[in-house]
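Participant: Each chain is listed here by its residues.
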Amino acid sequence: MTEPGYEILSLDDLERYPGGSGQEPVLMPLRRRLGFRPFGVNCWTATAAGGQVIQPHSEPGGDEELYVVVRGRATFTVRDETVDAPAGTLVHVPPDTPRRAVAAQDGTLVLAVGAKPGEAFDPVPWEEFHIAFSKLRSGKDPDGARSIVADVLARYPDTWEGEYNAACFEAVAGDPDAAFAHLQTALERNREVVARYAPDDGDLASLRDDPRWRELLR
Amino acid sequence: MNVAHVDELDRIELDEGFVWRPVRRHFGIRAFGVNAYSPREAGAQVVEEHTEESLGHEEIYLVLRGRARFTIGGDEHDLGPGQLVFVRDPSLRRGAVGLDADTVVLALGGKPGAAHEVSAWEAIFLAAPAAREERFDDAIRIHEEALAERPDHPALLYNLACMEARAHRHLDALLHLKRAAELDPKWARYAETDSDFAAIREEPGFPAG
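Just so you know, the protein sequences line up as chains G and P, in that order.
Numbering follows numbering that gives the first Met the number 0, in which position 101 of the first sequence is assigned residue number 100; successive positions increment by one, without gaps.
Numbering follows numbering that gives the first Met the number 0, in which position 14 of the second sequence is assigned residue number 13; successive positions increment by one, without gaps.
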């Protein structure tokens, strides 16, 4: 229900965008749905108990994050420490810290809030890319997926993140020439971070036997 | 690991009937505003009636547990677990009553396009129990710590002056009230009728409203 100046929403009404494999988290894009601008806020769920609800990552860009278990139960691992997190649990993770979470119950839902201290929030385009990947992998709307990628690159023409994710998208879509072109631009913009991510990124697996891979990442 | 259940957070009871569960402060979060609230009992306030005009915040109120009756710009909405209200217009008056005693509402807020600053009201809320119990030294210390991070914040200076006046530290109260009024004249108007200043209202230097 939307009224001028405010909106009522049930989290159950958010769209759901599964990740790449059946085990990856499902994005429920809250920030984008509301048009919320001050910081990042999204919901994540798992396909079933045992599935990832927060993908392994570390926020090397400097975001601090708070995870709130809204429903169900999750098992969080931060660095090497693991904790059982029933509904109502809050987990705070500083930047550049490995973290992941697995749903311990069906229907587990985690709210993730994040931003970089001391800086105005600028929504980097990972939300759109997650949605584009979900559409591409489901095979239901590949044209829609490609349109999202083009739109993001037009709106964020100078970011390394956009080019890196476009490289991943094209690699998964089966266009290595386009993938290498985007990867090269991403490396030119932030070689340190891209060279850190790329070797272990499953989305780029199809590129690794190509001689251009070794040339770019040497 | 920095982990806590919402029920393990501090309970700061406020006079308006709600209980503040200071999430941001507990974890030392700097990047965004986040707090949880409960009613003191079923039927009591769970979100204070207020606007965000002075801070310019967009706010999300998510019901984590129980039920709450929100009043947003005069409209009433009963929300349960997993339901939220997003108030994008800072000038809209909003508040909520907890319909269940164990209701918990998570509030997220910040100003679009600006780095997050810790809101001054957190120190004022934190000092409220000490002020209520007339532990003025504690209330003054909380305000002084907040002012060390936000020097010359008029609301903090004004509330510090209130505590100092009640603690019979009249000269300190006058100095801090005067500074608050210099920074924003509305505080001089508030001081004219604020009972905290009854003992110093006739002192030379009391700011004119």
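Because the hints were derived from the structure by calculation, they are not lab data.
Just so you know, these numbers come straight off a predicted model, no measurement behind them.
Keep in mind that a hint or two might mislead.
To be verified - Under the rule of at most 20 Å between Cα atoms (straight-line distance), these lysine to aspartate or glutamate pairs were calculated in the EDC-like manner:
| # | chain 1 | residue 1 | chain 2 | residue 2 |
| --- | --- | --- | --- | --- |
| 1 | P | K177 | P | D195 |
| 2 | P | K110 | G | E6 |
| 3 | P | K110 | G | E118 |
| 4 | P | K110 | G | D121 |
| 5 | G | K134 | G | E6 |
Participant: Are the hints correct? Go through all of them and say.
Facilitator: Hints and how they fare:
no.	hint	verdict
1	K177/P / D195/P	holds (15 Å)
2	K110/P / E6/G	holds (18 Å)
3	K110/P / E118/G	holds (11 Å)
4	K110/P / D121/G	holds (12 Å)
5	K134/G / E6/G	violated (27 Å)
Violation of the numbered hints given earlier is confined to hint 5; every other hint is satisfied by the structure.
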